[in-house]
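Asker: In order, the protein sequence lines correspond to chains A and B.
With this note's numbering, the residue at position 97 of the first sequence is 98, and numbering never jumps.
With this note's numbering, the residue at position 238 of the second sequence is 239, and numbering never jumps.
Hint data in this document are derived by calculation from the structure and do not stem from the laboratory.
Here the structure is a predicted model, which is why all the values come from computation and not from measurement.
Each residue gets a CB set at the ideal place from its N, CA and C atoms; glycine is no exception.
It is possible that some hints are incorrect.
Now the stretches of chain B that chain A is said to cover, found in silico as 3 or more residues with beta-carbon under 8 Å [stated by the list, open to error]: (1) 143-155; (2) 160-166; (3) 181-188.
Label-pair ranges, simulated between beta-carbon atoms [what the hints assert, rightly or not]: (4) E6/B with D145/A: 47 to 53 Å; (5) G281/A with E107/B: 24 to 30 Å; (6) D307/B with F54/A: 24 to 30 Å; (7) R21/B with P235/A: 53 to 59 Å; (8) R21/A with R286/B: 39 to 45 Å; (9) R9/B with D247/A: 31 to 37 Å; (10) C300/A with P36/B: 53 to 59 Å; (11) E221/A with R123/B: 54 to 60 Å; (12) R21/A with G32/B: 34 to 40 Å; (13) A149/A with A13/B: 37 to 43 Å; (14) G172/A with G172/B: 26 to 32 Å.
So you can see what is in the structure, the chains are spelled out below.
2 protein chains.
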Amino acid sequence: MGEFELIRRFFAGAPVRRARLGIGDDCALLGDIAPGQCLAVSTDLLLAGRHFFDDVDPAALGWKSLAVNLSDLAAMGAQPVGFTLALALPEVDEPWLAGFAGGLFELAALHDCELLGGDTTRGPLAICITVFGQVPPGLALRRDRGRAGDDLWVSGPLGAAAFAVRERLAGRELPADHAARLRLERPVPRVELGRALLGHAQAAIDLSDGLLGDLGHLCERSGVGARIDWPAVPLGDSLAALDEADRRALALAGGDDYELLFSAPASARAIIAGLGAERGLAPARIGCLVAEPGLTLLCADGSPIDRHELTAFDHFR
Amino acid sequence: MGEFELIRRFFAGAPVRRARLGIGDDCALLGDIAPGQCLAVSTDLLLAGRHFFDDVDPAALGWKSLAVNLSDLAAMGAQPVGFTLALALPEVDEPWLAGFAGGLFELAALHDCELLGGDTTRGPLAICITVFGQVPPGLALRRDRGRAGDDLWVSGPLGAAAFAVRERLAGRELPADHAARLRLERPVPRVELGRALLGHAQAAIDLSDGLLGDLGHLCERSGVGARIDWPAVPLGDSLAALDEADRRALALAGGDDYELLFSAPASARAIIAGLGAERGLAPARIGCLVAEPGLTLLCADGSPIDRHELTAFDHFR
């Protein structure tokens, strides 16, 4: 099967409604960004062995490849519009491609996010998706909008995905339908919540690399510090049986949760809880932003936790 | 050096004028697409050993990575706006990164095309650029706009880049300043010509995989056939000393030229020649589109050339 037949068979069948010109030309043409909105753009490159296990279910991989990008849109409060897909494949494996495309388009359809175009080549498995959304620029949730005194929230429980990775690396792979493994392999981007937060929340970031690291980015860009009340951090159910040190490591420094971390004024507390509940979520208020730079982690009794053993994931460390 | 320091050092220094929000957040925000224009989007994934030699000069690689994407914009007649860069690197090699970024931003500045955002990770060298431009949708040059009877043009000489590849593979690498090697390593995307052709040319495609293969795509999408007058095909100077079979193989089936192939009515001949000359180019009329599907290659005496030995590059064959 050649490159063009591959594209036709597996990727060109999706409905095109929003694009003026979709797959098959040098460029896709995208019109009709809503008046007063601007285009939000994000790109992620996923590599076998680094971002996913080589033997991952292809449908889960297709889902997750788009999910991590939609999560970036969610963190701006942007509405998904479309995406491009660049794919390097070691071989043309038809069942694998059918699975991958199935998972990808399953999530794309849920968010009315069209495949606009792409590129395929032979090589070590790599997936690069660039996603487009629209958002009113004045309302967009931005990393640099954090203000001292605002509450810090997370959109859901943390640590389950990192638990699934840890079990796998320890040779104890969880069943495919285990909640923690689903968290890792089929994360649910918080797109609707992100959009609903426009006008209520100020700063946001999605939790891909771990709470402490991602919070650090938000604080750095906003020129503020943060205080986290560790007992208020919601934990994945899979963490219940673990000891305290493991729970902290997984929930605070583990990645791949794809929940939103966001800040909002105290006046928005009831609204945010309601917006979450309407979407089946339980956003948790886990601390606040403070004027002094730096991060403080507090136990239930208010004493600080030494966080030197917790380091966020950095792709080059 | 961590991921964020790497981005800061090598990629975050470029001026941001058009983007409302550039590098450093979950998404870039891009506003102000000109009224009446739509967004043109293209993505390309380049892999070491497949799209470039492992030891390629990093500045040339940075240039070419963006050039192949700008060439896709050129083939639509779109004006460059910005791009995202996803980069997998085997290690943090500072001189290499400085060279790569230098070549990349050199070409970006020539076309006022801003780096909007990106992603970096550790892995086998891979570069995925997604480029954005703007074009009036009704005028965009499209592969499916070819009409029987229209002239076929190429924007410049063909075959030199393929010659440079062939020499390298035969152990006869050309000097770094050889015209053919510059063609391969620093292709010049025909962005200005593409924009100037709006309203004059109809269909276009950029020549990345070889004239015959890319012409085949244009014909297929347009539902037409083509006749090429082989003596009218302009050849790179490097091909002059080769025998006829080699010249044909390199100019007709060799890739990486990044000239434009486009169709236009006969009434536009003088205008097109003038638009080319104003930009230092000599567009050549190499044949025409015909109603019957299929491709005919003709010698100077009008006899057909057997093209079965000429096959276009396909990433999966």
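Asker: So which of the earlier hints does this model not fit?
Answerer: 2, 3, 4, 5, 6, 7, 8, 11, 12, 13, 14
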